[in-house]
Structures are given as C-alpha cells and as structure tokens.
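Asks: Here is what each chain is made of, one letter per residue.
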Amino acid sequence: MTADFHAQLLHYMNDQRWFAGKGGVSSIDEVVRLPWLDTKDVEPLVRVELVTVLTDGAPQIYHVPMAYYESEPERMAHALIGTYDDPDHGRLVAYDALHDRAAIGAYVLGFVDRDDSGGVTHTVLGPVDIDTETPSVMLTGEQSNTSLVLGENLLLKVFRKVVAGRNPDIEIHDALTRAGSTAIAPLRGWMATEPRDGRQGYDLTMLQDFLRSGTDGWEYARASVRDLMMEADLHADEVGGDFAAEAERLGGTVARLHGDLAEALQTDTWGVAEVKQLADRLRKRLAEAVATAPELKPYAATLGSAYDALATLETSVPVQRVHGDLHLGQTLRTIGGWVIIDFEGEPAKPLAERNALDSPIRDVAGMLRSFDYAAYSMVLPSEMTSQERHRVDEWAERNRTAFLDGYSAARGEDPRAQEVLLRAYEIDKAAYEVVYEKHNRPSWVNIPLSAIERLATA
Amino acid sequence: MTESEHQIRPESDDPNWFKRAVFYEVLIRSFKDSSGDGVGDLRGLAERLDYLAWLGVDCLWLPPFFPSPLRDGGYDVSDYTDVAEDIGTIDDFKMFLDAAHSRGIRVIIDFVMNHTSDQHPWFQSSRSDPDGPYGDFYVWSDTDDLYQDARIIFVDTEASNWTWDPVRGQYFWHRFYSHQPDLNFDNPAVHQAMLDALAFWLDLGVDGFRLDAVPYLYEREGTNGENLPETHTFLRKVRTFVDDGWPGRVLLAEANQWPTDVVDYFGDFNTGGDECHMCFHFPVMPRIFMAVRRESRYPISEILSQTPDIPKNCHWGIFLRNHDELTLEMVTDEDRDYMWAEYAKDPRMKANIGIRRRLAPLLDNDIDQMELFTALLLSLPGSPVLYYGDEIGMGDNIWLGDRDGVRTPMQWTPDRNAGFSSATPGRLTLPVIMDPVFGYQAVNVEADLANTSSLLHWTRRMIQIRQQHPALGLGSFTDIGGSNPAVLSFLREFGDDAMLCVNNLSRFAQPVELDLRPFEGVRPIETLGGVEFPAIGELPYLLTLGGYGFYWFRLPKNQEASRP
Numbered sequence: 001m002t003a004d005f006h007a008q009l010l011h012y013m014n015d016q017r018w019f020a021g022k023g024g025v026s027s028i029d030e031v032v033r034l035p036w037l038d039t040k041d042v043e044p045l046v047r048v049e050l051v052t053v054l055t056d057g058a059p060q061i062y063h064v065p066m067a068y069y070e071s072e073p074e075r076m077a078h079a080l081i082g083t084y085d086d087p088d089h090g091r092l093v094a095y096d097a098l099h100d101r102a103a104i105g106a107y108v109l110g111f112v113d114r115d116d117s118g119g120v121t122h123t124v125l126g127p128v129d130i131d132t133e134t135p136s137v138m139l140t141g142e143q144s145n146t147s148l149v150l151g152e153n154l155l156l157k158v159f160r161k162v163v164a165g166r167n168p169d170i171e172i173h174d175a176l177t178r179a180g181s182t183a184i185a186p187l188r189g190w191m192a193t194e195p196r197d198g199r200q201g202y203d204l205t206m207l208q209d210f211l212r213s214g215t216d217g218w219e220y221a222r223a224s225v226r227d228l229m230m231e232a233d234l235h236a237d238e239v240g241g242d243f244a245a246e247a248e249r250l251g252g253t254v255a256r257l258h259g260d261l262a263e264a265l266q267t268d269t270w271g272v273a274e275v276k277q278l279a280d281r282l283r284k285r286l287a288e289a290v291a292t293a294p295e296l297k298p299y300a301a302t303l304g305s306a307y308d309a310l311a312t313l314e315t316s317v318p319v320q321r322v323h324g325d326l327h328l329g330q331t332l333r334t335i336g337g338w339v340i341i342d343f344e345g346e347p348a349k350p351l352a353e354r355n356a357l358d359s360p361i362r363d364v365a366g367m368l369r370s371f372d373y374a375a376y377s378m379v380l381p382s383e384m385t386s387q388e389r390h391r392v393d394e395w396a397e398r399n400r401t402a403f404l405d406g407y408s409a410a411r412g413e414d415p416r417a418q419e420v421l422l423r424a425y426e427i428d429k430a431a432y433e434v435v436y437e438k439h440n441r442p443s444w445v446n447i448p449l450s451a452i453e454r455l456a457t458a
Numbered sequence: 001m002t003e004s005e006h007q008i009r010p011e012s013d014d015p016n017w018f019k020r021a022v023f024y025e026v027l028i029r030s031f032k033d034s035s036g037d038g039v040g041d042l043r044g045l046a047e048r049l050d051y052l053a054w055l056g057v058d059c060l061w062l063p064p065f066f067p068s069p070l071r072d073g074g075y076d077v078s079d080y081t082d083v084a085e086d087i088g089t090i091d092d093f094k095m096f097l098d099a100a101h102s103r104g105i106r107v108i109i110d111f112v113m114n115h116t117s118d119q120h121p122w123f124q125s126s127r128s129d130p131d132g133p134y135g136d137f138y139v140w141s142d143t144d145d146l147y148q149d150a151r152i153i154f155v156d157t158e159a160s161n162w163t164w165d166p167v168r169g170q171y172f173w174h175r176f177y178s179h180q181p182d183l184n185f186d187n188p189a190v191h192q193a194m195l196d197a198l199a200f201w202l203d204l205g206v207d208g209f210r211l212d213a214v215p216y217l218y219e220r221e222g223t224n225g226e227n228l229p230e231t232h233t234f235l236r237k238v239r240t241f242v243d244d245g246w247p248g249r250v251l252l253a254e255a256n257q258w259p260t261d262v263v264d265y266f267g268d269f270n271t272g273g274d275e276c277h278m279c280f281h282f283p284v285m286p287r288i289f290m291a292v293r294r295e296s297r298y299p300i301s302e303i304l305s306q307t308p309d310i311p312k313n314c315h316w317g318i319f320l321r322n323h324d325e326l327t328l329e330m331v332t333d334e335d336r337d338y339m340w341a342e343y344a345k346d347p348r349m350k351a352n353i354g355i356r357r358r359l360a361p362l363l364d365n366d367i368d369q370m371e372l373f374t375a376l377l378l379s380l381p382g383s384p385v386l387y388y389g390d391e392i393g394m395g396d397n398i399w400l401g402d403r404d405g406v407r408t409p410m411q412w413t414p415d416r417n418a419g420f421s422s423a424t425p426g427r428l429t430l431p432v433i434m435d436p437v438f439g440y441q442a443v444n445v446e447a448d449l450a451n452t453s454s455l456l457h458w459t460r461r462m463i464q465i466r467q468q469h470p471a472l473g474l475g476s477f478t479d480i481g482g483s484n485p486a487v488l489s490f491l492r493e494f495g496d497d498a499m500l501c502v503n504n505l506s507r508f509a510q511p512v513e514l515d516l517r518p519f520e521g522v523r524p525i526e527t528l529g530g531v532e533f534p535a536i537g538e539l540p541y542l543l544t545l546g547g548y549g550f551y552w553f554r555l556p557k558n559q560e561a562s563r564p
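Heads up: the protein sequence lines correspond to chains A and B, in order. Going left to right, the first sequence walks through residues 1 to 458 as our numbering numbers them. Going left to right, the second sequence walks through residues 1 to 564 as our numbering numbers them.
Some clues are possibly wrong.
[What the hints assert, rightly or not] Residues from chain B that keep clear of chain A, each with C-beta distances beyond 10 Å, as calculated:
#1 Glu295
#2 Asp368
#3 Asp479
#4 Ser506
#5 Phe508
[Unchecked claim] Chain A is nowhere near these chain B residues, computed Cβ spacing over 10 Å in every case:
#6 Pro15
#7 Ser102
#8 Arg294
#9 Glu302
#10 Leu449
#11 Asn484
#12 Ala486
#13 Glu538
[Unchecked claim] Only some residues are given here: those of chain A computed to face chain B with a beta carbon under 8 Å:
#14 Thr132
#15 Pro135
#16 Val137
#17 Arg212
#18 Thr215
#19 Tyr220
#20 Asp227
#21 Met229
#22 Thr267
#23 Gly271
#24 Ala300
#25 Ala301
#26 Gly304
#27 Gly336
#28 Arg354
If you're looking for bench data, these hints aren't it; they were derived computationally from the structure. None of these values were measured; they are calculated from a predicted model. By construction, the Cβ of each residue, glycine as well, lies at the ideal position given by its N, Cα and C atoms.
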C-alpha cells in the first residue's frame, strides 16, 4: 500500500516545476511525516512531510506539505496526489496542501498563534497578522520554490528542496531586516523543523512583506529593449522607454545592499595569497567549462590571461556576504524604489560555498552580464542584423554604465577602479552561462559567447 | 438690494460639493467677445454657459479679471473690487453669476494675495508717501541684502527679488516680476484690506477663490520665504472669516510645492482641515507626461504613494494643463532635461522652468494619447480641472510672448476669428491659431459638436460617467500594481461603488494580470459600453489593452440582484 502511495507521490512530484530529478531515474527513499498540525478539528488534516528522493543514486530532500481528506473534494482535483491508508484515520485522499485554501490557513497559523505543534518551530521578528479571509494566491514563474501571497501584504516563500542548516535566504533577510535595510522586502518570520537527534532542523518557509506594486526587473528591462527595437533608427537615449535612469537607481540600491550586508554580517579581507587562490578557482572553473563547451576553446588562452592578471594583482580585496546570484530577475521595481530578492545564492552550489564570503564585485559583474542578456534576449544574436546588433550593444553599454554610475555614487567607490577583478568575475559568469545555455537553451548560447568574445579582446 | 434678494444660489447645498465637481478653467478675455472689441468678456462667457453646462462642467475657475495693466495675464491686480473695463462691469458679473448658478454651475475666481500691480493705488501711495496710510503696505528696505535664501522664481526675467524704487528711494520686495511688489502681511491693515476684498466677492455670490501664490506671503530672514508658519496663521484667519459668513464656499490654494509640504495648506488634520479646502497637486501632472513617455507606471505610482493623507473635508485638485507653463519644478533634474528634450523641441517652447504648450500639441495631436490623459485626469484622486479648449484639442502658438501661446481665443466655428469675436482680426486680444493642423478651420466646437466621435463628445461622455460614480470623486485610491510595468491599474472605492481603472501607458498593445482576489466572482462591467467582462476567478485577472488603451470597469457588489 505504502509502495503504491509512494509511486503516486513520485508521479505527482515529477510533474512539479520544483522537482529537480526530471529526466533521471528517481525513487522515494524515505518519507518523514511530521505530526499533524492543529487544524481545530476541521477538514483537511494537514502536516509537513519530508520526502527523500534518490535520483540516479543522489539523495535530495523535498518539503511537501500535505492535506488529507476523507472524501475527494471536486475543487481539489488539480492537486490530487493519491490515496493513503493512515493508521489512525483509515483511508484518506492526499493533496498538495499549498493548492488548498483550507489547508493553507492551518499551515501558516503557527506564525500568528506561535503554536509549535506539528513538529515545526516558528521564529518571528514581531507580531504577525495574517489575513486568512482573502484567498491566497500562488505566484507563477518560480523554479525551485513555491510562493504564496497571503492577504494583501504577506508573501510566504516555501522552500521545496531543503538542506539541514540555516537557509541563506532567511539568514540574510533576517540580518538585513534587523538592520533596517531598505534594499529588501522585510522578513516577518520563518518556519523550520525541530532539530532532531542533535541534527539541525530544515528551514521550510519564510514569511516576508509582499510588494504588490513590484515589477520584475528582467521584464522591465526587456520592455525597454523592445521599445528600442520598435524604433527604426533612434538611439537608446532617445526612445521613450529608456531604462538608464532605472539602471542608475538600481545601481544605487545594490550599492546600499552591499553596504548593509557588510555592516550586518561578517567581513574579511583577502590578502595576495587568497586572491591568487581565487584566480586558481576561476581558472579551474574555466577549464571545466571549456571541457563541456568546446566553443570556449578559441578564447581560453586570452581569458586565462585575465586570471593571470588577477593572480599577480599585488593588492588585497575586501570580502563580505554577497547576493551570489545577482541578476535582473532578482530585482523588483516597486513604488518605493528597487528591491533585491532571493538570497539563496547559486542553487547548484553546496550550502557552504553559497555562504562563503566574496567580493561584492561578483554581484556587480552579475548585473553587468544581466544587462547584456536583456539586450540580446529580444532577438537572438544569430538572427540579428549588424544594425540591430549595434543598437542592442548601445542599449547594454548605456545601461551598464548607468548602473555602475549609480553604484559608484551610492557606494563612494567605483567598481571600474577594480578593473581586473571585475573582468575576471565577468568572464567567470559568462563562461558559466555558456555551459548553462548549452545544456538548457542551445539557441541562446551565442548571447554569453558574444560576451566572451568581447571580454577576450578587451 | 441685499444679496439674498437678487442672488440665485446653486441647487446643491452639499458642503463637500467640490469633491465631486469637474472644474473648468476659462480665460474670460479669450473665451467669447460679445461686444466686438476683440476682447472676450463676461457677457460673452455668459452666452456660452449652455455649452459648458452641456459639457458637464460643475464649476468654473476664472483667472483674474480685475483692473490690471496686464503685464502678467491679470495677476498684476490694480483694483481688487472691480472688473477690468474691457471685460465688463460689476453688473455684468452679477448677471453672469446668476446665469451660471441657474444652470447649476458654480464659479470660483482667482484671488492674488501675495502681490499687487505696481500700478495699484496702494503701491503708488506707498512709494510717494512712506508715512501715509499705505506706507507700510509693501516690503521696503534700504538695502537689497535681506532674505537672500529666497529663490528667484522667474529666473528667465528677474535677477533679484529686490528692485530699487527711485521715488521712495528704497528697494521693494517681489517674489515674481519686478512690476508686482509683494504686500506686507506683517501689517494688520493688509489683512483687513484682503478680507474686505474677499467679502466683496462673497457677497456677490462667488463660490470660492483660487488663492494664487500662497506660499510666499511672508518673508523671514534665514528662511526660503516659503510655507512659513505666519502664512498658515493668516490662511486660518481667512478660512474662519469665509466659513463664518459664507459657509459652503471653497478656498483652493495654489502652492507649487511637494505634496508633503502642500498638505500643510489644508490645515489641521484632526478637525478635518482649517485652512484651504483644496490644493493643487502639482507633481502629478508632469509625472503623467513622464510615465507615458517612459511607458512605465512608476512615475505616477511613486508620486501617489508619496502623497500623504489629507484631512477629511479636503480634496486635491489635479490638472493636465492650465494657463501657466507645464511646471517641471516637481521632477528631478535628470527628468527635467528629458522632459525638455521630449516635449519642448523648440527652445521657445520652454518658459521659466517649464514648457508652454497645450495638451494636444504636447501629445503630437494623438487622439489616443489625449483620451488616455483625459481618462487619467478624470479618474486619479482629486477633482479634475480642465483647461478651456483642451476638450476640442486646441493648439498653441509658441511665437507669442510669455505664456500667451496657450491663451489664444477659443475656437467656436470655422468662421472669421473662429467665431470668437466679430472684430477686425487685427484687433483681437491674441491672434487665433491658424496653423494647418490646429487652426480654427480644422479644430472648433462646431465641427466637434457635429461629429459624435470627436474628442469633445468623448470628453462629455467621460465626465458623465465620472458623475455617475461617486467612487471617482470621493473614493479611496489603491494602486494594484500588476505584472506589467507599462500598465497603471488602480481601484477607486466609495461605499458600494467600486471602479477599476486600467491604463496602458505604452503605445503598444499590452497584456496585464491583476490580482483582484477581493472581487472573486464579480463580473466587471466596462462603463463606456456597458459590456460585461468575464468573472474574476481564483487566478490573476488577465486583460489586454491596445496602445494607449484604458478601461474603466464598474465592479458591482450585488451583481445577482441587479441582473434581470
């Protein structure tokens, strides 16, 4: 029976965007069922379940909140997982709780009444009031997590792939919220499993302010590029949808974010030896990238010389906690200005690496790459006329410059002064992008590749 | 004859009438000439009240029509209690006012508190007789060193706020032109003179005043001479004076400041406001232009989110264009450069820190944009103030001096002088617009009346819808954001009346997904056509809009009951 349920569960998970095992051979290794949450004797029964899936032999733990009914409510058909025989309640029908309005109320109640039953603990930064009258709405477009808007002004981010220890998204939001940073959406609290057998718990959800006026920075920037491309021959600074003023303000926000991070969390300084180690790490990553993407080969030597320049840089580099995976898609334009979201770092990296200190120049390089991406994402480089290429380059250059100007003005130091480091990080990012696109969107590989070409000749 | 014997009062006695009113600014000299002398006059304006009533105007705002040397469009007043000779007489004014009131149209008049013309007898007396009754009516000084922190407003023409008067042998203070000396509000006799003048017009029956240039009444060393506490004390005095004798009349402040400073002109929050009933919200206007040019809602959303709450008996006044330049003081330097580049391609289009253009030429005569702008004007929070001629898409004449380019005669017909006057064309107060696009042969009321798809008919229809929906006048404002930065969407709600306004600020078609969860199950009804749209469901509500398109939806609360 359990085997049947596991098969149904795996089948359901395999259809979800957050499931990372697609394409591999997966099996459920273990399901840890936490105690029932207090649902005040109202259907459905709700609990958190941690599902360990082995994909091609590698384990990954997923957080799946479940809702159980005695019957099969028609309205829940789209979130049906399967039937489950419960030792206490008999045969029940299981659903994904995050698709069930009735279950979500119980799932988030602990933030309000601080009831830590159900094997989970809640930490709040102040009293929390959740409007459970207004139905919640699930945001679309997310890859690895599920986010719900609760009421008018709260966002519940549900981590699906969980690892033991503090999630950096929570850690950084917590520190920045306490420091009063305006560069983020303030954190209200988080939910984690209780530590068990001396092992750390898993962070399951975080609750923060929902910025309902927000627009995704990536879409906003692309709207500007689209506007430019609709004009026959105007320059980027002449069209109505010019983005440079926004790019400059965004630069200011990222600079303030870095200032806030440096103040609230650990900082350090890399000496000459550590900078050399950085150059070695980057060189190693480049070699790996070249091995996967032979397109990089012609540039490998020149790109490597950029890392040589870094290795011989006789200077120290201040390091601190950074965003780690900063690009336009991690920015929101709100009516109060720009806000940076999603501090989980590059999801593919192990936790220790994501938490490691780094130069804020890495984030700056990420943003510069992102402007390049936005510019080229409207028309693929391979389909571009030379005139179009000239114009999107102009857009990218104009906005990269505006971003750097805004950053310099707010930070008091210009990233362009750290030319060698900035270039090294940009190369690293672009090489990573080439590999990523090769695997995921082969038709886009020319976007980072043309950047590689430019960086190699610079 | 006492006032109660002759006066016709407007029908409604709602003291908050101004919150739902559509205002219309009309320059008497440029509207209709009844005497054939080339200058519009009060009798001419009275003749056209039927047109204004047809359009749906609730209240006229008349810029100054007092005796004046007309060196600043009449804002240089030389007698506060008379009518300029070329415009008419006090009896003409009474006749006009009764005719307006009998059509349900109220009238507010401009009142210039800060300064007079240098031709005002008070100033002439003050300069020639320093010890006489008017010797202390103005701000005199032996040096031009005082109040250096006060900025110069008309930077194009004035080098200093002080000008030497050879007659009195002293400098006099002026925040605007050097022919407009500032009155000395430290002198109680000036207060009394102002209250007496207000009483004169209130007794005649005017429904309120637009108080010109109120932030500058006082000057104090070490300050910028704007928004001083003494100014607010004086405004409270004026409010009490008006409320005591003539309840239901309004004070509308012109304070070209940031909203956070302007709110002070409403007065005490807890008592519902004890200074002006209304203030102009200046930054909204350039932000609308900015937002459409940038194809981004943020310039508008930002300024509205930064606008503080106002006392409950108060209201904002908003406008797209008026007789002054498009003021760019309320945008950042970078944005100002951009606006100049975009909207004032010819340097003559710039005036002071603004742009001297009418709505239609500012928008390249694009009917879609004119409709979008008007829809925003009629739906954003605040009472809309239309500017005469913009309802037919009139043009401007940038070759006229100062701000006269946007003050040319109203275009009534394709006949001589645009039907404005029977005078010899050369005698007209200002020449009519004659260019091929905006000339009166093409753009006039007669043609627009005959064409039911004209901007004029459309504007009238929109005003009607606005008047049917208290939410658009009295309602709360909620910016609902949405997935698309080019689309500005907001809710206005008042009691059971809920309006959803969705505006595409981009020239291209756009989709938008709106979070309308509180209205789940409601079927929005588009108000221009009465068409019912699909019901709002669990998922974000998807709408598509054409370039510069917009919707005004009614969100009926008791839909089942209202259906047949």
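Asks: State for each hint whether it applies.
Replies: Hints, one by one, checked against the model:
Listed as a non-interface residue, Glu295(B) fails to keep its Cβ farther than 10 Å from every Cβ of chain A; the least gap is roughly 5 Å. Under the 10 Å C-beta cut-off, the non-interface status given to Asp368(B) relative to chain A holds; the minimum distance is some 14 Å. Chain A draws Asp479(B) into its interface by the beta-carbon criterion, the shortest separation being 6 Å against a cut-off of 10 Å. Consistency note on Ser506(B): stated as away from chain A, yet its beta-carbon is not over 10 Å from all of that chain's, at 8 Å minimum.
At the 10 Å boundary, the C-beta of Phe508(B) falls inside the reach of chain A, the nearest C-beta of that chain being 7 Å off. Annotated as non-interface, Pro15(B) keeps its C-beta farther than 10 Å from every C-beta of chain A; the closest such distance is 33 Å. Its beta-carbon lying about 45 Å from the closest one in chain A, Ser102(B) satisfies the requirement of being farther than 10 Å from that chain. The Cβ of Arg294(B) sits about 6 Å from the closest Cβ of chain A, inside the 10 Å cut-off, so the non-interface label is violated.
Not every C-beta of chain A lies more than 10 Å from that of Glu302(B), the closest at about 5 Å, which undercuts listing it as non-interface. Annotated as non-interface, Leu449(B) keeps its C-beta farther than 10 Å from every C-beta of chain A; the closest such distance is 34 Å. A beta-carbon of chain A comes within 10 Å of the beta-carbon of Asn484(B); the shortest separation is about 7 Å. Residue placement check: Ala486(B) does not keep its beta carbon more than 10 Å from all beta carbons of chain A (closest about 6 Å).
Not every Cβ of chain A is farther than 10 Å from the Cβ of Glu538(B); the closest lies at roughly 7 Å, contradicting the non-interface assignment. For Thr132(A), the suggested interface contact is broken, since its CB lies about 12 Å from the closest CB of chain B, more than 8 Å. Hint on Pro135(A) holds. Least Cβ distance to chain B is approximately 6 Å, under the 8 Å limit. Nearest Cβ of chain B to the Cβ of Val137(A): about 6 Å, under the 8 Å cut. The hint holds.
Here the hint on Arg212(A) is kept, as its CB sits about 5 Å from the closest CB of chain B, short of 8 Å. With a least beta-carbon distance of about 4 Å to chain B, the hint placing Thr215(A) at the interface is held under the 8 Å criterion. Hint status for Tyr220(A) relative to chain B: holds, with the closest Cβ pair at about 5 Å, below 8 Å. Of the supplied interface hints, the one on Asp227(A) holds, with its beta-carbon coming within about 6 Å of a beta-carbon of chain B, less than 8 Å.
Taking 8 Å as the C-beta cut-off, the interface hint given for Met229(A) is violated, the closest approach to chain B being about 11 Å. Taken as an interface hint, Thr267(A) does not check out: its beta carbon lies about 33 Å from the nearest beta carbon of chain B, beyond 8 Å. At its closest, the beta carbon of Gly271(A) sits 41 Å from a beta carbon of chain B; the interface hint therefore is violated under the 8 Å criterion. A hinted interface residue such as Ala300(A) counts as satisfied when its beta carbon comes closer than 8 Å to some beta carbon of chain B; here the least separation is about 40 Å, so the hint is violated.
Using the Cβ-Cβ criterion of 8 Å, the hint placing Ala301(A) at the interface with chain B is not satisfied: the shortest such distance is roughly 43 Å. Interface restraint check: Gly304(A) against chain B, minimum CB-CB distance 41 Å, threshold 8 Å, status violated. For Gly336(A), the interface hint holds, since its Cβ comes within 8 Å of a Cβ in chain B; the closest pair sits about 7 Å apart. Proximity of Arg354(A) to chain B is violated relative to the hint, the smallest CB-CB distance being about 29 Å (cut-off 8 Å).
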